[in-house]
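Engineer: What follows is the residue order along each chain.
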Amino acid sequence: MLSKNIFRKAEPYLFLTPAFAILLLFLIFPLFWNVYISLHDVSLVNLLQGWTYVGWQNFLDLFEDSNFQTSLKVTLEFVAGSVAMQFGIGLLISTLLSEKVRAGGVLLAIFIIPWTISAVIAAFSFKFMFDESFGILDYLFEKIGLPPVNWLSDPNMVIWSVVIANIWYGTPFTILFLTAGTLSINPTIYEAAVIDGASKFKSFLHITLPLLKPFIVINLILITMWSVNFFDLQLVMTGGGPMFASTTASLYMYRQAFEFGLLSKGASVGLILIVINLVVAFIYVKLLRVR
Amino acid sequence: MNGKKIILICSIILVVSSTLLIGYGFKNPTTAQKKQVTLTAILSEPKDRWDILFNTVQQKLNENHPDIDIKIDYIVLPYDATRTQLLTAMAGRTPIDLVSVDQTWLGEFAQGGFLSDLTDVAKSWGKERDWYQTNWEGGKYNGKLYGIWAWTDIRGMWYWKDLLSRAGISPDSLKTWNGYIADAKQLNKVLKDQGIHGVHLVGASQSPDMWYPYLWMLGGEILKQKTGHPTKGTYWFPAFNSTAGIKALEFLKQQVNAGIRPQINHFWGEEFADRKFAVMLEGSWLLSAFPHEQWTNLAQKIGLLPMFPVPEIGSKSSTMLGGWILGIPETSQNKDLAWELLTTMVEPQVLTPMLQKEGYLPTQKPIGEGPYAAYLNSSIPYYKEMISMISIGHIRPNIPEYPQIAENIREAIDEVYYGIKDPKQALDDAAGKSSKVLGWVN
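Just so you know, the sequences run in chain order A and B.
At position 137 of the first sequence the residue is numbered 136 (numbering that gives the first Met the number 0), and the sequence of numbers has no breaks.
At position 285 of the second sequence the residue is numbered 284 (numbering that gives the first Met the number 0), and the sequence of numbers has no breaks.
Below, a sample of chain A positions facing chain B; criterion: calculated Cβ distance under 10 angstroms:
1) Asn66
2) Ser152
3) Gly238
4) Phe259
Distance condition first, Cα-Cα at most 25 angstroms in a straight line; then the derived SDA-like pairs of lysine to any residue:
5) Lys191/B / Gln299/B
6) Lys275/B / Glu131/A
7) Lys275/B / Phe127/A
8) Lys275/B / Met156/A
9) Lys420/B / Asn149/A
10) Lys246/B / Met242/A
In short, the hints are calculated from the structure, not lab data.
By construction, the Cβ of each residue, glycine as well, lies at the ideal position given by its N, Cα and C atoms.
Sequences are here, hints too, so could you generate the full structure?
Structural biologist: Below, the structure is given as structure tokens:
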């Protein structure tokens with residue numbers, strides 16, 4: 000009887016064991032390993048030898064590095080620009096699609112195409128389009144009498160060129176996600192609002208947006224985290240240049256670890272990015288509680 | 000279980016296993032007795048060159064070892080991914096038998112203990128004298144040989160003959176710094192309306208590679224040995240901010256001032272082949288931007304000056320040598336066979352057809368100057384001119400800190416391009432950062 004009771008109590012934990020083991024192996028262990036590396040001096044040169052404990056030195060070095068400081072500023076611009084535009088455009092299109100648009104399904108499928116393309120291919124496409132010597136954009140500008148834009152060579156412009164590429168690449172997720180959210184709203188609520196004399200705009204403001212809130216919050220958090228971690232576009236389109244003007248913190252991390260072989264420095268940046276993402280996740284939880 | 004059942008089960012097992020064994024023996028009488036060995040390799044793109052080499056080499060190895068069934072399992076990755084994959088393999092101690100490493104990566108992977116020391120086996124092999132000295136030395140780190148430089152490339156000045164003549168320019172005037180800038184202006188004036196740029200100026204990540212030739216031709220160096228290092232005694236010290244370095248960077252600044260725009264995108268010669276530039280300082284790989292069937296008549300359309308522009312007529316020019324080094328990782332479980340694979344790959348009769356097809360330059364004298372030269376000379380445009388540049392070629396340092404130093408130099412070049420700093424200030428700042436990277440200052 001006693002053993003049966005113990006088993007009953009332990010049963011849920013036993014079922015959870017495989018999932019927890021996977022979590023431990025693929026998430027918790029790499030995280031702590033990353034912390035371990037960030038507190039030691041590990042580089043390509045001493046990777047197979049003894050690692051010296053250096054404490055917080057890697058983090059201190061990072062914050063003294065002007066290029067890292069630049070990368071944080073660039074990250075902020077990249078994330079703010081990408082998230083604001085992806086969300087704004089995504090919400091607009093998903094709202095239009097949720098109306099009874101003819102061939103709405105086909106349009107949705109077309110809008111999703113960019114998301115199905117590899118980020119590297121998207122990056123190469125934009126790299127060619129933005130090229131200042133033979134890119135299509137400057138060619139068209141010239142044809143209509145506008146001055147050419149230094150899309151990728153102007154340090155003040157380059158990050159916004161990458162943001163444009165990221166908007167094209169990332170917006171389909173928001174469209175898909177918010178369209179799914181919009182379609183989950185009971186249509187009778189809208190019918191009741193029409194009977195009460197509500198205009199379409201008022202329905203959107205007072206019905207759609209409040210009911211979409213959980214979807215909006217999750218969407219914002221996801222696209223923010225992805226934008227923080229994303230570096231494929233910058234790597235291919237500009238390599239982070241010119242003058243580090245398109246080096247986001249994630250690209251800085253990649254370059255430190257894999258181009259320069261400074262694994263500890265890369266791991267330290269990785270941890271800082273995790274902290275940034277945790278803050279975002281915290282906001283997400285708080286916002287859901289507000290609901 | 001009764002006795003009958005046991006006998007029945009045993010009989011079934013016997014019949015099935017005998018059938019399988021006999022069948023296997025009939026199907027493949029030789030391989031049944033052969034030892035199977037799979038050699039693994041991580042290599043860098045393009046894949047064609049490796050396909051050509053391994054097709055021949057696998058056959059040769061199997062002929063040399065009739066008792067072994069040798070297979071070669073190789074993955075070919077883009078440049079950046081190759082480095083990442085090598086790093087991952089190194090960290091995981093993955094058994095790999097052959098790797099291709101960029102010349103500048105050698106020091107990192109050698110000092111990290113990833114590459115095997117080939118000094119002794121290479122001595123027994125006795126082919127050192129066949130290699131151009133610069134290329135043989137490029138496989139060394141700290142006096143030990145860690146790799147064999149399989150093929151190389153040079154950078155020279157390519158031009159479209161018709162575009163130059165349309166602008167009334169003689170190729171000879173491109174040879175000096177002043178002439179180069181004057182011609183660039185003239186070409187821009189004449190060709191701009193057709194969407195063609197006069198000359199190409201690299202603004203991409205490899206901009207230091209195209210600046211080094213100017214530094215070297217003025218007698219400068221990227222790094223030099225110096226005593227008094229806090230931990231290493233004698234070690235490398237930044238030397239690129241010398242008078243030669245400043246003068247070399249001033250030439251790039253003059254180009255920008257003359258209206259030549261640094262190109263942030265680099266398409267490795269495709270932009271020249273597409274006639275977007277009349278003149279381009281680019282590597283020998285530029286030829287591969289043209290279809291192979293056009294090579295026979297290519298010299299009628301494009302020209303090559305086997306040099307970088309020099310400050311004055313009569314000055315000695317310079318170029319940079321690049322290329323791939325083949326090494327054997329410490330984790331290889333078949334080091335002898337891997338060495339045989341490597342040495343077979345670089346045998347002139349194996350390597351030459353690949354060089355001919357891909358347009359690469361040899362690192363070995365028997366191919367560059369010996370009996371194979373005539374064959375390559377007749378099929379690769381400007382082969383003789385390109386080979387002549389090997390003698391003025393320099394290589395980049397292969398010490399572990401080099402990638403960070405190159406990044407500092409790139410930053411300095413960008414700062415000059417964008418008018419943020421003058422050449423001296425930019426190079427001094429880059430040298431300061433590089434001193435720190437090299438451990439001279441904390």
